[in-house]
Structure formats: structure tokens, C-alpha cells
Amino acid sequence: GENVEQHPSTLSVQEGDSAVIKCTYSDSASNYFPWYKQELGKRPQLIIDIRSNVGEKKDQRIAVTLNKTAKHFSLHITETQPEDSAVYFCAANILTGGGNKLTFGTGTQLKVEL
Amino acid sequence: DSGVTQTPKHLITATGQRVTLRCSPRSGDLSVYWYQQSLDQGLQFLIQYYNGEERAKGNILERFSAQQFPDLHSELNLSSLELGDSALYFCASSSRGASGEETQYFGPGTRLLVL
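Protein sequence lines correspond, in order, to chains A and B. So that you can map any letter, position 2 of the first sequence is 2 in our numbering, and since no number is skipped, the others follow by simple counting. So that you can map any letter, position 45 of the second sequence is 45 in our numbering, and since no number is skipped, the others follow by simple counting.
Quick caveat, the hints were computed from the structure, so don't treat them as lab data. Heads up, some of the hints might be wrong.
Pairs of lysine-lysine residues, derived as DSS-like cross-links and limited to a Cα-Cα distance of at most 25 Å, are as follows [claimed, not checked]: (1) B:LYS9 / A:LYS71; (2) A:LYS42 / B:LYS9; (3) A:LYS71 / A:LYS58; (4) A:LYS42 / A:LYS71.
Chain A with its partners taken away, still in its complex shape:
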């Protein structure tokens, strides 16, 4: 089955700096790659996603890149702010028998320090 690896597990940056989180996936049939932000005790919230036919997508301070050949994708947050502090999860989706399976990475705890 699909396996998603995520690095780093923790990331500490200064306010205003950039943060980069990287993920790799194993199944080349994966077609959709969402990123979720989860604050302590709350629901995962979709922040950006990218489909397999696109190499890069940007939404204000957040961008995602996808390299299908290398099977890796990355989240880039620029001009980080304290409210960006949370756990970030990458995920890879695969279509299977009429359904969808979303496999998550193990998460990155991002801390933005003042």
C-alpha cells in the first residue's frame, strides 16, 4: 500500500522566516496531495492541495510543489507568523475500487518564535 514519509518531525523558525516541510510517497498512482494544519485538540484543516497534473500551486504565503518523477512534494510557508504554529500533515490520495484512500504523513510540529 501507499507509504508517506514526512520530514522534519519538528521545525522551529523565527517569525518572518520561511519554513519548508517535505514529503515522499511510494505509490506512483497517487493523484492528489493535500496539506492539513492541525492545532492542538482541533480538527485537521485543509490549507492547500495539489493535483498530480500540476507542478506548483501558490496561495498567498503558502505554496506547494510536486515532483512526480521523484515522488516527493513540499510545503513552503513564507513570512511565518506565530499563528502558523501547529502540526502540519501531508497526505497522498489514491483511487481504489471506486473509492479514495488518503494516507497521511506523520506530521511536522512547526513552532514560530518571536
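Chain B: place on chain A using the hints.
What follows is chain B alone, placed relative to chain A:
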């Protein structure tokens, strides 16, 4: 607020017991997914239903079962509970994208504690 609702918010029960978690999807979404989030296992996909039918299965234990009703709400039944079943259980619902992938929106979760 994602539009996905889950009840109850918290549940405390004893080993060996059975519980039912409930989820209502966003208006118009036909797919419902269940996930388990524990400290040592991260977010694990359990099962997907689409318009009342099971569509995909993950690492769901035989002690666990789910169903989706005609009004599209879903229930996750957990039986013969063990201490290790203590976790956050999330439901998500989705709308279908152009390539068949489905963007999933998560509910607030049910925190289950088995004592």
C-alpha cells in the same frame, strides 16, 4: 467550521464496552470517511462510504464497523473496546474533484477514552 458535525465530543467508557460515534457530512457531500488519530499511530484511514455503500477500507479492526444511512449521516461502531482504542476519531466528508480525487473536510472529532 467545516460543516461536518460529529457527536459526541467526548466519550469515556470501560474496556469491553461498545460505543457508537455519529457523523453528519457537509450539505451535498456523498462521501464520508472515518479516521483514527492516536499519539503513536498518527492519522489512520479506517473506511469510506459513498452514498450508502462501502467504497474503500483501510486498517479497520474487525471489532469496528460503520454504515452510512439514506440521509447520508454515518455511524462508527466500536465494540469489545480495549485501552488501545483510546484516540481521537475524526469523520470527514468530501466533494469530488475533476480527476476523481476527493477534497476532504474534517469534523471536530470525538475523543474516546477507554478506562
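Structure versus earlier hints - violations, ascending order: Violated: hints 1 and 4.
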